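There are 4 protein chains.
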Amino acid sequence: MTNILGEHFTLTSFGESHGKCVGVIVNGCPAGLRLKESEIQKELDKRKPGTSILVTQRKESDTVEIMSGVFEGYTTGAPICMIVQNKDADSSTYEKFKNIPRPGHSDYTGKKRFGGYNDWRGGGIFSARTTVSLVMAGAIAKKLLSTMLNIDIFAYTLEIGGIRAKIKSYEYAKKHRYKNLIRCPDSISSKKMEEKIKQVRSEGDSVGGIIECIATNVPPGLGSPNYNSLDGSLSAAMHTVPAVKGVEIGIGFNASRMKGSENNDSFILNNGKIITETNNSGGILGGITTGMPIVIRVGLKPASSISKEQNTLNLIKKTQTKLIVKGRHDPCVVPRAIPIIESATAVTLLDHVLKQSLIPTVINKRF
Amino acid sequence: MTNILGEHFTLTSFGESHGKCVGVIVNGCPAGLRLKESEIQKELDKRKPGTSILVTQRKESDTVEIMSGVFEGYTTGAPICMIVQNKDADSSTYEKFKNIPRPGHSDYTGKKRFGGYNDWRGGGIFSARTTVSLVMAGAIAKKLLSTMLNIDIFAYTLEIGGIRAKIKSYEYAKKHRYKNLIRCPDSISSKKMEEKIKQVRSEGDSVGGIIECIATNVPPGLGSPNYNSLDGSLSAAMHTVPAVKGVEIGIGFNASRMKGSENNDSFILNNGKIITETNNSGGILGGITTGMPIVIRVGLKPASSISKEQNTLNLIKKTQTKLIVKGRHDPCVVPRAIPIIESATAVTLLDHVLKQSLIPTVINKRF
Amino acid sequence: MTNILGEHFTLTSFGESHGKCVGVIVNGCPAGLRLKESEIQKELDKRKPGTSILVTQRKESDTVEIMSGVFEGYTTGAPICMIVQNKDADSSTYEKFKNIPRPGHSDYTGKKRFGGYNDWRGGGIFSARTTVSLVMAGAIAKKLLSTMLNIDIFAYTLEIGGIRAKIKSYEYAKKHRYKNLIRCPDSISSKKMEEKIKQVRSEGDSVGGIIECIATNVPPGLGSPNYNSLDGSLSAAMHTVPAVKGVEIGIGFNASRMKGSENNDSFILNNGKIITETNNSGGILGGITTGMPIVIRVGLKPASSISKEQNTLNLIKKTQTKLIVKGRHDPCVVPRAIPIIESATAVTLLDHVLKQSLIPTVINKRF
Amino acid sequence: MTNILGEHFTLTSFGESHGKCVGVIVNGCPAGLRLKESEIQKELDKRKPGTSILVTQRKESDTVEIMSGVFEGYTTGAPICMIVQNKDADSSTYEKFKNIPRPGHSDYTGKKRFGGYNDWRGGGIFSARTTVSLVMAGAIAKKLLSTMLNIDIFAYTLEIGGIRAKIKSYEYAKKHRYKNLIRCPDSISSKKMEEKIKQVRSEGDSVGGIIECIATNVPPGLGSPNYNSLDGSLSAAMHTVPAVKGVEIGIGFNASRMKGSENNDSFILNNGKIITETNNSGGILGGITTGMPIVIRVGLKPASSISKEQNTLNLIKKTQTKLIVKGRHDPCVVPRAIPIIESATAVTLLDHVLKQSLIPTVINKRF
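Quick mapping for you: the protein sequence lines, in order, are chains A, B, C and D.
For the first sequence, the numbering used here begins at 219 and goes up steadily by one.
For the second sequence, the numbering used here begins at 219 and goes up steadily by one.
For the third sequence, the numbering used here begins at 219 and goes up steadily by one.
For the fourth sequence, the numbering used here begins at 219 and goes up steadily by one.
Hints may contain errors.
Identical copies go unnamed one by one, so any copy, or any two together, can satisfy a pair.
No more than 27 Å apart at the CA atoms, straight line, and that leaves these computed lysine-lysine pairs for DSSO-like [unchecked claim]:
| hint | residue 1 | residue 2 |
| --- | --- | --- |
| 1 | LYS386 | LYS414 |
| 2 | LYS314 | LYS386 |
| 3 | LYS305 | LYS238 |
| 4 | LYS409 | LYS314 |
| 5 | LYS238 | LYS254 |
| 6 | LYS491 | LYS535 |
| 7 | LYS238 | LYS260 |
| 8 | LYS305 | LYS254 |
| 9 | LYS392 | LYS238 |
| 10 | LYS491 | LYS397 |
| 11 | LYS361 | LYS410 |
| 12 | LYS526 | LYS409 |
| 13 | LYS535 | LYS264 |
| 14 | LYS535 | LYS416 |
| 15 | LYS535 | LYS410 |
| 16 | LYS314 | LYS392 |
| 17 | LYS540 | LYS264 |
Just so you know, these hints were derived from the structure itself, not from any lab.
Bear in mind that the values here come from a model prediction, so they are computed numbers and not experimental data.
From just these sequences and the hints, can you work out the full model?
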């Protein structure tokens, strides 16, 4: 397991849910970027647990510490190590599941993969807690993309438990997405979604949903054909996020139900700028951006941890057994996943941006 | 553009639609595998153009030549170079589109990416013709997976133009998928799909569809967490195939509409073997296989080349114009994409298999 | 700067000389290896500063902390993060050199590379202190190679300031190399070397030397031809160590003065085992091991920090100036570099070992 | 064996000495570079066999064919595949060595590595013939470096059989190195070297030598610290060339015999430009260029193929035997290795140049 994401802006994550810390090394970040811990923290706070009744009650301050690569307020070009110490890990509830794999979780597959040596406490390396790494790196990527290229990345809840939001416009969505705990720009649907979450929560159950992520102002010509397609990179990055079971670009699967004449986006001039009339392609043709908004949708399964009784096995005794997963779980992971999906998008776009030298390796040289 | 797929079983593709050839270098193939050109050819023939009225009439024999890495009938462990020469390229119809980007195609994005230097003839490097590379490498991967681990990979048409097949069982699908030109195991739906294709063809239009790919007998424990997840690798590989706009694992987006108690697959014993009662996860939990069949679905957009009139631009004159794409096109790319999707699956699985040393670097050592 | 060493057993280092810490992430370590912090510490102690009058007087306990990847005494297969906190950093002496590059150091090149943003304190990321990372990873690599394949790696001082040791045999060298502060198995030469170091030290000067590193019991057939040659990997790893200016395999440059009939190592049988009569090749032919001891020699330049007056520039004023580098420096880095060179060898060999699946990804599976 | 050199300008070589061809895929070459086959050919001709009595008499025209990636005289940004077909392969002389490893060659190690499946004819993938790949890619790299950054790379014979040339100046060396068959700028020494080669040739023996390679006009700040050092990359690239047994940067091993005060290069101003007074470092400090000429020396062992009788084994019979290697061999590989070493330098420098975005991904954009 080499566990490295990206080729030019690379992430190497480490840490376990109930170990000392979770962290990431970012390699390839240009030197000369102004960077404060508070900027990373701001993004981390968006995925922090315990902030509302809709999410897990684990209490983690999730305080970032930059260990290297930043000096006198600027990135140095050296590897940036960022860690978040684990403070509120409670492994006691997990002890009894040590040999009783929780359905939907990676307990069984992790055991198989690592021959029984993996840290099983709180899911270990499989825990969604490891996405802290993605968010920390994403904070840097977002700042670079925004500062240098004016690229704007924002995600929001599109659907929860089958309730689908109406998105008036990306502009509107961007502005209103944080106006409720659901992080959904449609205030009417978001109320229904909230009810849905409360309901499944009261049943000891969980519910899944769909996140839509938009990147605007991406210049045309970003990405590559064949094995380095931007959509391939995005899709791979999305799948590093636990719970993601589907990824669509543009109209996605609906394209498969259309005719070419319906699906093809016509090229038109808009104030002298080349755009497409529609954006079924989601801003990507042949692995390369068209300049139109990049549109990605990810489907997240319902959180696997539920307090309803489930059938499973005792792996030692090789017998059927029942289990109830107590603990502090998210009835719906979708709202907290918003900054994670944005981060996965940001680090991927930045990786391609650096591959094509659209940002120099030093910003504002002072020597 | 480094254009390399995989880390252990790596593909480097090259060639353009109307250039001398399309080809691939396979690195990392174990030594000692019995390999004949005819085995590669058999797979190539499945994606060959001109074989029925449902597909493009370009006449290419698509004859593979192994240029290196195979000696006296066995792989040597050295890089395997395989090429297919282009014989029936007709660039004349493309000349006039040189500066008039075809909607849905990569003409505009390719020009932007490569500053106007890309080979535009027949789509150049963006042509689906380059998937010949994937199929050639896939033929080797399939043979290795099958011979060494008994892994079986098969894909079929699940949906075309909104007509969805009923899949009785994977076993049935595997057996019956090649019984019609649609490559769909449901004979009733396949007839409707065929009608649909003929209809859009007569309209000068095209239609999209969905392919489902299954891998059975995959041992549990294949894949990795975090940045090396098997689903991430699969999804990335799928997106290297032109026209793919969505990828799902297991029940995919439908998981986002379910409760945890519905979606979680219970672990049960089946003749002493650990399996899951349902397979909503599609055989992958936490990036790692469960041992259940891997289930992947990809949504393909309708072929962009249609002979209907479309709006576009003259990039030189910077004026709006109309265009009709004549030529020999696929009204529906889905049937020909079957071996391509299988290949993308095979090379990805093999990459993870080799990463975990499940196949030795030499098979049947004779020294 | 992606800063990743290896492809299968990969190191990602981070940290600066006077920052919070220096550290490394090791990816790809097999699960199930018994591993204690004390084993890493033992190796670190060999390169620790302040242990004799022959080396720098900086006082660092260099205490390793394993942050992830080890659970209940065993490696888990997850990324292993190890850090050493910096305790005795004294940046005051460096402040005045901020814009006055020290000859032989990377002050000027680092400034150029990172546009003036690099952490200049104590050499920052260029400091030999960053080799702590190599030693920590090397400790794991050595243990794996030794436990699983019985491979033994040991280095010693061959030459200092032109005084060359006589090496009776590798066996003798291995046994006696730590009998003096010079870490040279030749007790007579080591005394002369010690005198030499004391002399240059008293002059405020420094002196270079040559290290020889031997790996025994390496199975034949390790490595690859062309771009993945074992000697290429070794040579690249050696050059990650500051001060290394030359690398030789086997008899090295002396081979260029020989005839083929003198240089070629004849194959002979030795108790049924295939060996070579001589070992001019240093155990590597065509990038692949012969089974004979691997022999590497690296030439290290004298430490660049000297307290003699030197000519240099003030980069701000653009004027010529003089400088005297005070501080706590090594008059000769060779003895402390011994464990570093061993580590560079170990991580490289292990990388190739894992590439060829000679060690499984899980050791002693318990599930 | 992934067999990929470089990270940004990457080479994937393929082919065997007596197979159909030898070739290379170059990925990452910027689009818009004017490129003719004749430019590649010119470099190939410098390493072509059969051109003088000092080298092998194998008759190969070594004609390059560009198979992809170049369109209408310009690089397109797509992978560039270049092949040279083998015409004059004569495997008959090798048949009897199939199981009798030639001392100094990779027959035994190759057999071990690939379990007996490797193509043994003419050394197969281990043959120096595979360096054709390096030279073809090097031709492109040289042109890019020269055209875009005015970087000049030239190598020459420094030593053969212990006879060392006197190098008046790099400028002189560059101008006079091709004035004799030895490719040595010192006309007096080159005559002695020629005599030496003729003598060993008449004895059925071979002789080694040293090549020095210089790169001038390299901007300061190229390269990286730690695991991506420029010297590390150069050294690794050099070791991909068969016969190389030692690599030095700058004064190399001689630095290990000097004091810091002697070895350190003082910084001085030269017409307002920062240079160093001496260049012991060979233009690289801390893995990064100083702006002074890069100086690399490689030691090549004598060609292993000699017609003198040698001791070896019959691997099947497991008995001692004698062998005489007939065939068409180079009594000294040094002169033909000149363009190979230059190419290894060029592709490595270009890789770092692209990593740091010093050349854009499209040259002279025309869209």
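Each hint, compared with the structure:
{"no.": "1", "hint": "LYS386 to LYS414", "in the structure": "within (22 Å within a copy, 34 Å between copies)"}
{"no.": "2", "hint": "LYS314 to LYS386", "in the structure": "neither (48 Å within a copy, 40 Å between copies)"}
{"no.": "3", "hint": "LYS305 to LYS238", "in the structure": "both (8 Å within a copy, 21 Å between copies)"}
{"no.": "4", "hint": "LYS409 to LYS314", "in the structure": "neither (37 Å within a copy, 54 Å between copies)"}
{"no.": "5", "hint": "LYS238 to LYS254", "in the structure": "both (23 Å within a copy, 16 Å between copies)"}
{"no.": "6", "hint": "LYS491 to LYS535", "in the structure": "between (68 Å within a copy, 13 Å between copies)"}
{"no.": "7", "hint": "LYS238 to LYS260", "in the structure": "both (22 Å within a copy, 22 Å between copies)"}
{"no.": "8", "hint": "LYS305 to LYS254", "in the structure": "both (23 Å within a copy, 24 Å between copies)"}
{"no.": "9", "hint": "LYS392 to LYS238", "in the structure": "neither (36 Å within a copy, 38 Å between copies)"}
{"no.": "10", "hint": "LYS491 to LYS397", "in the structure": "neither (34 Å within a copy, 49 Å between copies)"}
{"no.": "11", "hint": "LYS361 to LYS410", "in the structure": "neither (34 Å within a copy, 51 Å between copies)"}
{"no.": "12", "hint": "LYS526 to LYS409", "in the structure": "within (25 Å within a copy, 45 Å between copies)"}
{"no.": "13", "hint": "LYS535 to LYS264", "in the structure": "neither (42 Å within a copy, 47 Å between copies)"}
{"no.": "14", "hint": "LYS535 to LYS416", "in the structure": "neither (37 Å within a copy, 59 Å between copies)"}
{"no.": "15", "hint": "LYS535 to LYS410", "in the structure": "neither (44 Å within a copy, 52 Å between copies)"}
{"no.": "16", "hint": "LYS314 to LYS392", "in the structure": "neither (44 Å within a copy, 41 Å between copies)"}
{"no.": "17", "hint": "LYS540 to LYS264", "in the structure": "neither (35 Å within a copy, 48 Å between copies)"}
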